[in-house]
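S.K.: Chain by chain, the residues run as shown.
Number of protein chains: 2
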Amino acid sequence: MAKRILKIGLLGAGIIGKGVVDLYKRNIESINKKNDLVLVLERVADRDQSRLQALDLAAGNVTTDASQVLDDPDINIVIELIGGLEPARSFITRALENGKYVITANKDLMATHGQELLDLAREKNLNLFYEASVGGGIPLIRTLKHSLVADRVKRLVGIVNGTTNYIFTRMDQGGLSRQEALSEAQKLGFAEADPTNDVEGLDAAYKLVIMANLVFGKKAKLDQVYVQGIGGVTYEDIAYAREIGYTIKLLAIGEELPEGLALRVHPALVPLDHPLASVLNELNAVFVEAEAVREVMFYGPGAGAMPTATAVLADVVEAARCIRSKAENGMIEKPLAETDFVPIGDLQVRFYLRILAEDRPGVFAALANSFGDENVSLDMIIQKRRVGELAEIVIITHKVKEEAFQRALKKISDFSAIKPDPSIIRLLE
Amino acid sequence: MAKRILKIGLLGAGIIGKGVVDLYKRNIESINKKNDLVLVLERVADRDQSRLQALDLAAGNVTTDASQVLDDPDINIVIELIGGLEPARSFITRALENGKYVITANKDLMATHGQELLDLAREKNLNLFYEASVGGGIPLIRTLKHSLVADRVKRLVGIVNGTTNYIFTRMDQGGLSRQEALSEAQKLGFAEADPTNDVEGLDAAYKLVIMANLVFGKKAKLDQVYVQGIGGVTYEDIAYAREIGYTIKLLAIGEELPEGLALRVHPALVPLDHPLASVLNELNAVFVEAEAVREVMFYGPGAGAMPTATAVLADVVEAARCIRSKAENGMIEKPLAETDFVPIGDLQVRFYLRILAEDRPGVFAALANSFGDENVSLDMIIQKRRVGELAEIVIITHKVKEEAFQRALKKISDFSAIKPDPSIIRLLE
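Protein chains in written order, with our numbering: chain A, 7 to 435; chain B, 7 to 435.
Treat the hints with caution; some may be incorrect.
Just so you know, same-sequence chains aren't split out, so a pair can sit in one copy or run between any two.
To be verified - Listed below are the simulated DSS-like cross-link pairs for lysine-lysine, each with C-alpha atoms no more than 27 Å apart in a straight line:
1) 40 - 160
2) 160 - 224
3) 31 - 224
4) 224 - 9
5) 40 - 151
6) 151 - 13
7) 39 - 224
8) 227 - 39
9) 9 - 130
10) 390 - 9
11) 39 - 130
12) 417 - 390
13) 224 - 40
14) 225 - 40
15) 9 - 39
16) 31 - 160
17) 425 - 405
18) 40 - 227
19) 39 - 225
20) 9 - 151
21) 39 - 160
22) 225 - 130
If you're looking for bench data, these hints aren't it; they were derived computationally from the structure.
Given the structure is predicted, the values throughout are model-derived calculations rather than measurements.
Given the sequences, and given the hints that come with them, work out the whole structure.
M.R.: Here it is, written out as structure tokens:
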């Protein structure tokens with residue numbers, strides 16, 4: 007029986023797009039053979055002619071006109087690698103309406119309009135795959151979708167931003183300042199020229215929303231994620247953390263509590279013997295805590311053209327399998343339920359606090375009283391270093407409701423003996 | 007449209023079987039809802055009546071007669087949790103011949119007769135799923151099958167035996183002897199009363215063969231795996247390893263070399279900053295090195311009733327999806343190709359060697375000459391401790407062909423000044 011040829015159209019010939027074309031050229035023969043398929047990259051569209059030329063494809067296989075991909079009835083599978091909300095959203099909608107399976111690596115779009123697009127795919131009896139939108143080359147989405155299906159996920163904790171993980175690793179292991187580590191990351195291509203979305207935690211928040219939707223089956227919303235970037239963490243904090251058996255990571259944490267979903271991105275102290283502590287440099291990992299399996303972790307490169315291209319092409323193969331077997335997609339990704347959200351102030355958290363204080367009588371008593379008044383109990387107090395005339399005090403609290411801690415903190419900050427802008431970092435437990 | 011009821015039959019009500027029944031009771035409602043399925047556990051068979059009673063199921067749902075599962079035309083999916091080669095092999099064959107999808111957690115069987123059973127499943131247009139046969143609750147098989155499909159795996163390195171990992175962890179972190187650590191593992195239920203298969207590496211070899219078949223698409227054979235257990239590793243070796251920046255793990259390593267597959271299980275020094283080094287206690291992980299994605303790792307519980315049950319039920323859901331969509335299975339698991347194998351002697355490896363020698367002139371020269379004659383170059387020599395009258399010497403070699411090292415070692419062992427039975431451990435690089 008002659009095998010059916012399945013044609014792929016690609017939108018966007020940037021870094022990831024070129025990676026997909028390169029990986030396609032290198033491995034399509036073995037992919038087709040292993041999977042008994044005849045996949046053919048039919049056309050790549052990009053507005054930028056020079057990017058198309060860099061792909062080194064035949065002239066008939068490239069175009070500056072996206073409609074030659076979106077509206078070509080011969081194309082079965084469309085890969086969207088343009089990024090950003092528009093025109094990506096309109097293009098994906100059009101591809102689905104034209105009966106095509108869609109693959110995307112677009113985290114901004116999936117975090118904000120993913121459900122609407124997945125609903126449309128379901129309605130059209132097609133599917134939209136987005137493995138590459140979270141965790142680059144780490145097989146995360148497919149695993150969360152299929153392998154944890156019989157379990158109840160209680161919490162997921164991810165290091166899902168390579169830039170900030172590189173920065174913290176270099177601060178910790180290389181003794182660099184945050185700014186030095188960022189510059190180094192930029193030189194090595196692990197950080198963008200404008201790293202705002204990364205260092206302020208927004209990139210991680212996008213990825214958290216995508217994973218939370220999938221894992222909890224509830225409509226996670228970007229504006230319900232508490233987001234704190236890495237700006238408040240200094241080399242001193244990392245050194246203190248290590249001294250007491252922790253390292254600092256920017257974590258994306260999603261958990262299902264009785265009151266609703268709690269979603270947050272912030273720097274956190276991670277115990278050195280936790281598997282996330284050994285996720286170094288630009289690498290990413292997602293640690294999942296579930297009722298029956300207890301703990302699983304998926305680790306690998308969270309970005310990069312070639313790793314991300316493996317995720318895109320794995321999705322292409324899955325789309326091809328769906329087309330061949332006419333598997334309806336509806337089974338796996340059901341419409342999401344509405345949910346309540348738990349504000350950060352209601353969470354029970356342990357805190358690390360580093361403050362500078364004038365070294366005079368009564369300061370400790372004032373601190374102790376402020377915490378005592380709010381029922382914040384302290385696990386550890388370290389005072390050993392002087393900074394000029396000031397004493398540096400590090401405090402680790404027991405578990406406490408965040409808003410009680412913040413109230414105590416506000417009182418403390420009002421004392422004239424306490425210098426402003428203390429370091430406050432939550433602990434992962 | 008009324009949904010089709012899919013009936014499950016379970017063979018074997020031991021620890022894992024009971025875990026599957028318990029997890030089914032707890033989560034089947036949400037599994038069915040999430041996946042739009044009507045899965046029903048129809049019948050559990052075990053020869054042991056007391057095991058069946060412990061399941062707390064209705065009398066009509068349990069039987070001591072396996073044929074009531076295997077030959078019941080209403081049963082669509084059979085789960086085999088008997089273990090061992092027979093009658094598991096005959097039962098799976100019969101289930102497939104009777105048109106049923108089969109799930110198994112049986113590593114012995116999959117490592118020795120997996121291909122024959124997968125071939126039969128393919129021929130019958132069914133499928134045989136075996137996620138739980140390797141890595142317990144870690145989603146490994148499905149991930150290796152689907153997510154790395156566009157990449158070329160070069161090497162996989164696994165910590166796939168919980169007993170030996172527990173033993174090494176406790177030797178390293180608790181200062182226990184190997185025997186003490188084993189006893190502790192047995193008390194805690196991480197090691198069996200007869201731990202032979204675990205400590206001698208055979209359990210890991212089974213799992214390596216299953217993964218190698220899948221990843222390399224070649225017929226891996228159990229008798230082509232070089233297997234060395236943990237018997238030769240002492241507390242001293244672990245302490246020396248840590249001093250030079252390593253920990254010791256029992257590794258299962260599969261790699262595709264130009265000359266063929268190289269498959270081996272042996273203790274190895276693992277650099278402390280390698281992600282496998284932080285896989286502690288009874289936990290498992292598989293680290294995969296591939297061309298495009300570079301490195302990914304999957305971490306979690308390698309055993310245990312509930313974690314393994316999540317893998318079994320995830321396979322059940324996949325089987326149900328296949329039945330619903332009538333997806334042919336042939337796409338994914340193709341018949342395997344024959345392959346050559348590379349004997350351990352031909353591999354390039356670094357070695358750790360710890361020997362006791364009489365402390366007299368000429369011993370070092372004799373050592374150096376023996377290595378020099380075989381072109382084995384040395385990276386590190388440590389001599390600092392005395393054991394009674396003897397000097398303890400630790401040597402780390404550069405990369406060397408294993409058989410050259412073994413020849414040098416033989417010469418060294420012939421010197422009367424060198425005590426017999428040195429510790430020899432390979433390094434992971």
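S.K.: Determine for every hint whether it applies to the structure shown.
M.R.: Each hint tested on the structure:
{"no.": "1", "hint": "40 - 160", "result": "between (37 Å within a copy, 16 Å between copies)"}
{"no.": "2", "hint": "160 - 224", "result": "within (13 Å within a copy, 39 Å between copies)"}
{"no.": "3", "hint": "31 - 224", "result": "between (39 Å within a copy, 23 Å between copies)"}
{"no.": "4", "hint": "224 - 9", "result": "between (40 Å within a copy, 24 Å between copies)"}
{"no.": "5", "hint": "40 - 151", "result": "both (23 Å within a copy, 11 Å between copies)"}
{"no.": "6", "hint": "151 - 13", "result": "both (26 Å within a copy, 23 Å between copies)"}
{"no.": "7", "hint": "39 - 224", "result": "between (39 Å within a copy, 14 Å between copies)"}
{"no.": "8", "hint": "227 - 39", "result": "between (41 Å within a copy, 23 Å between copies)"}
{"no.": "9", "hint": "9 - 130", "result": "both (24 Å within a copy, 20 Å between copies)"}
{"no.": "10", "hint": "390 - 9", "result": "neither (73 Å within a copy, 68 Å between copies)"}
{"no.": "11", "hint": "39 - 130", "result": "between (30 Å within a copy, 21 Å between copies)"}
{"no.": "12", "hint": "417 - 390", "result": "within (24 Å within a copy, 57 Å between copies)"}
{"no.": "13", "hint": "224 - 40", "result": "between (36 Å within a copy, 12 Å between copies)"}
{"no.": "14", "hint": "225 - 40", "result": "between (37 Å within a copy, 15 Å between copies)"}
{"no.": "15", "hint": "9 - 39", "result": "within (12 Å within a copy, 36 Å between copies)"}
{"no.": "16", "hint": "31 - 160", "result": "between (41 Å within a copy, 19 Å between copies)"}
{"no.": "17", "hint": "425 - 405", "result": "within (25 Å within a copy, 56 Å between copies)"}
{"no.": "18", "hint": "40 - 227", "result": "between (39 Å within a copy, 21 Å between copies)"}
{"no.": "19", "hint": "39 - 225", "result": "between (39 Å within a copy, 17 Å between copies)"}
{"no.": "20", "hint": "9 - 151", "result": "between (29 Å within a copy, 22 Å between copies)"}
{"no.": "21", "hint": "39 - 160", "result": "between (40 Å within a copy, 18 Å between copies)"}
{"no.": "22", "hint": "225 - 130", "result": "within (21 Å within a copy, 41 Å between copies)"}
Consistency with the previously given hints fails for number 10 only.
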